[in-house]
Amino acid sequence: MDTCIKKIRELSAELLEKGEVQKVIGFAQGTIPMATSPIAIESKQDTEKLVFNSTCGLNLANYASKQKGKVAIIAKGCDSRNIVTHIVENQIQRDQIYIIGVPCTGMVDKSKIATLFEDEITGFTEDGNTLRVTSSSREEILKKQDYLRENCLYCTHKNPILYDVLATELVEEQMLEKPFPDVDRIEALDTDAKWQHFENLTKNCIRCYACRNACPLCYCPTCFVDEAGPQWVGKGQNKTDVNTFHYLRAFHCAGRCTDCGACVEACPMGINVRDFTRKLNKDALELFGWEAGLDITKRPPLDAYSPEDPDDFIK
Amino acid sequence: MKFITIDKKNWTKGIDKSRGTYRLFGPVKDKNWCMIKELDGDILPDMEYNESVMSAKSVLFPQSETILNTSLNESVEDHHIMKRAKNDYTARAVLGIRPYDAKAIQLVKMNFDTKEYKDPYWCDAYEATTFVGMAITKPGPFDFSTSVDSGPFCEEGLDILLADLDDSFIAKILTPKGESFAAACGFDSTIDDKESQALFDILRKEAEKNINCRVETDKLKEKNLLDLHGASFWDDLAFSCINCGTCTYVCPTCWCFDIQDEAKLKESSRFRNWDTCMSPLFTRHATGHNPRGVKVQRVRQRFMHKLKYFLDKYDQGIMCVGCGRCVKSCPVNIDIREVCHTMNTYEKKD
Numbered sequence: 001m002d003t004c005i006k007k008i009r010e011l012s013a014e015l016l017e018k019g020e021v022q023k024v025i026g027f028a029q030g031t032i033p034m035a036t037s038p039i040a041i042e043s044k045q046d047t048e049k050l051v052f053n054s055t056c057g058l059n060l061a062n063y064a065s066k067q068k069g070k071v072a073i074i075a076k077g078c079d080s081r082n083i084v085t086h087i088v089e090n091q092i093q094r095d096q097i098y099i100i101g102v103p104c105t106g107m108v109d110k111s112k113i114a115t116l117f118e119d120e121i122t123g124f125t126e127d128g129n130t131l132r133v134t135s136s137s138r139e140e141i142l143k144k145q146d147y148l149r150e151n152c153l154y155c156t157h158k159n160p161i162l163y164d165v166l167a168t169e170l171v172e173e174q175m176l177e178k179p180f181p182d183v184d185r186i187e188a189l190d191t192d193a194k195w196q197h198f199e200n201l202t203k204n205c206i207r208c209y210a211c212r213n214a215c216p217l218c219y220c221p222t223c224f225v226d227e228a229g230p231q232w233v234g235k236g237q238n239k240t241d242v243n244t245f246h247y248l249r250a251f252h253c254a255g256r257c258t259d260c261g262a263c264v265e266a267c268p269m270g271i272n273v274r275d276f277t278r279k280l281n282k283d284a285l286e287l288f289g290w291e292a293g294l295d296i297t298k299r300p301p302l303d304a305y306s307p308e309d310p311d312d313f314i315k
Numbered sequence: 316m317k318f319i320t321i322d323k324k325n326w327t328k329g330i331d332k333s334r335g336t337y338r339l340f341g342p343v344k345d346k347n348w349c350m351i352k353e354l355d356g357d358i359l360p361d362m363e364y365n366e367s368v369m370s371a372k373s374v375l376f377p378q379s380e381t382i383l384n385t386s387l388n389e390s391v392e393d394h395h396i397m398k399r400a401k402n403d404y405t406a407r408a409v410l411g412i413r414p415y416d417a418k419a420i421q422l423v424k425m426n427f428d429t430k431e432y433k434d435p436y437w438c439d440a441y442e443a444t445t446f447v448g449m450a451i452t453k454p455g456p457f458d459f460s461t462s463v464d465s466g467p468f469c470e471e472g473l474d475i476l477l478a479d480l481d482d483s484f485i486a487k488i489l490t491p492k493g494e495s496f497a498a499a500c501g502f503d504s505t506i507d508d509k510e511s512q513a514l515f516d517i518l519r520k521e522a523e524k525n526i527n528c529r530v531e532t533d534k535l536k537e538k539n540l541l542d543l544h545g546a547s548f549w550d551d552l553a554f555s556c557i558n559c560g561t562c563t564y565v566c567p568t569c570w571c572f573d574i575q576d577e578a579k580l581k582e583s584s585r586f587r588n589w590d591t592c593m594s595p596l597f598t599r600h601a602t603g604h605n606p607r608g609v610k611v612q613r614v615r616q617r618f619m620h621k622l623k624y625f626l627d628k629y630d631q632g633i634m635c636v637g638c639g640r641c642v643k644s645c646p647v648n649i650d651i652r653e654v655c656h657t658m659n660t661y662e663k664k665d
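So the sequences go chain by chain: A and B. Every letter in the first sequence is one number past the one before it in our numbering, and letter 304, counting from 1, is 304. To convert a position in the second sequence, counted from 1, into our numbering, add 315.
Hint data in this document are derived by calculation from the structure and do not stem from the laboratory. Each residue gets a CB set at the ideal place from its N, CA and C atoms; glycine is no exception.
Some, not all, of what chain B presents toward chain A, calculated at C-beta under 7 Å:
1. Asn-347
2. Gln-378
3. Ser-379
4. Gly-455
5. Phe-554
6. Asn-558
7. Gln-575
8. Asn-588
9. Asp-650
Distance condition first, Cα-Cα at most 30 Å in a straight line; then the derived BS3-like pairs of lysine-lysine:
10. A:Lys-112 with A:Lys-282
11. B:Lys-346 with A:Lys-178
12. A:Lys-44 with A:Lys-66
13. A:Lys-49 with B:Lys-610
14. B:Lys-346 with A:Lys-110
15. B:Lys-398 with A:Lys-239
Full structure from sequences and hints, please.
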């Protein structure tokens with residue numbers, strides 16, 4: 001996957017030179033190991049700043065939709081699905097965006113790698129499936145496959161769904177017999193244990209809203225938790241208020257979430273925010289045969305009437 | 316000032332002994348992290364932690380704190396009259412606080428404890444607290460505390476500074492508060508001051524040598540405020556920012572808060588919550604007007620406050636202690652070290 005960066009830079013330089021797009025939105029190398037930062041490139045020379053590797057775990061869809069004029073975007077499978085969602089939800093027009101698709105071999109779980117070390121990580125490089133991670137005390141050679149983020153492990157859309165050009169060859173998609181083993185585990189718990197699971201999940205939440213702000217679905221001009229007149233949700237650290245934020249946000253993502261994992265990637269407190277959205281993704285698949293972001297011509301299930309709707313009351 | 320030695324075998328006993336007089340706070344392992352929490356029951360502080368994801372500011376300034384209460388029941392005397400909440404200001408000690416976090420509390424103090432205004436909640440909590448610091452012998456790669464008048468052995472704001480010698484701690488008792496806490500623990504084996512100080516100096520130099528980050532702040536003071544404010548780099552810098560509150564909440568020196576009223580049945584309370592200048596709601600007026608309505612204005616505000624306004628107002632250095640938490644926690648890797656460099660070297664082009 002890291003070899004595709006040459007192609008990404010070439011394509012970007014060409015698009016900017018020909019004036020086909022005003023900006024290319026991609027990732028730049030961060031200032032610390034395992035960090036990358038979204039960047040908008042406006043000139044051919046600056047395309048050298050672009051990188052693409054297994055630490056580009058955020059989702060760029062929201063960055064593209066906020067731009068004026070035509071932009072190009074570097075899109076993994078999940079980013080492309082969120083661009084589809086943005087087009088369906090009228091956040092961006094198809095002809096406003098040029099998609100440089102990157103078939104993805106998964107992003108690494110940075111906190112899982114960090115737990116291997118007692119001290120801070122000082123270096124991270126990758127070569128194909130091999131990760132070389134160093135701290136001041138030692139070095140670990142890891143197989144990328146063993147340190148993928150959970151959402152990447154269950155991903156069945158590694159290849160971009162919608163693109164204008166590809167930066168590298170398509171990769172093989174996996175077929176999963178059980179696509180939601182994590183949800184199955186929580187579903188199998190009894191009511192009290194289930195409640196406890198979600199109570200524990202949010203106990204360290206500091207309400208920084210990094211999960212929401214990193215989420216490509218959360219583009220509301222004013223989020224319900226920021227509504228001040230009238231105010232809908234308490235602002236303190238009261239459990240009910242903290243959980244209300246998480247539950248309502250998850251429901252707002254029902255039938256729209258692509259499981260891109262940006263929420264978990266952004267959370268400074270290590271909360272697996274996906275535990276809220278995954279159940280809704282499972283329901284969308286089981287009840288409506290729906291996966292978000294696969295088709296720009298289809299309305300999401302909660303936004304459309306169908307005679308085949310599994311709920312009787314609607315017929 | 317004196318030095319005592321504490322055999323680690325006696326540490327737990329001493330700490331437990333102090334619980335009779337002190338509420339204890341300290342670093343506690345939580346999954347992969349370390350959090351500063353109240354050490355309820357017999358929980359012991361993890362004195363070997365590398366760093367805590369959140370700073371110790373919450374010991375004096377909780378994320379959510381009730382400040383006033385009243386009754387809405389009209390048959391009760393003084394109903395609808397807000398009165399100060401009965402919070403616990405009995406003696407407390409925070410164990411294992413990092414020197415940069417203790418220094419940060421001194422910076423926060425400049426705001427909460429001034430000649431004109433005193434924040435009673437913060438000041439009372441401060442008065443009640445003894446700060447038992449743990450010197451840093453292995454600074455992390457994000458630590459740039461020595462660039463900003465702090466450092467791995469910085470004593471500012473501490474009552475006791477501990478240094479870890481494997482089997483024992485050497486404690487430098489810096490204030491009468493520190494002395495009282497050591498006495499409450501029964502730690503009283505004094506050792507030679509000169510020798511101990513010499514050892515501290517060696518350890519400090521060794522630790523400081525391991526800090527590889529250097530951030531220059533020397534030219535910030537002379538920069539014209541409006542030039543910096545109008546500089547063109549803010550747009551690029553703010554592009555990646557998702558405007559979450561992570562940097563401000565993990566920051567040991569960010570002190571902004573919001574006031575909220577809540578009522579439940581006939582009881583009403585007023586409390587304050589940490590707020591963040593990254594949120595549009597932070598400055599939104601009742602009219603709907605927002606002086607910092609767009610992202611770039613908010614990003615600029617955070618850095619201008621830390622690196623310029625604070626410096627200009629108090630002339631006590633910048634409002635940053637170099638802990639590196641925001642560098643590490645920012646979801647999009649906005650790095651205050653780089654921003655500081657950009658501001659420090661900025662030259663206005665005519």
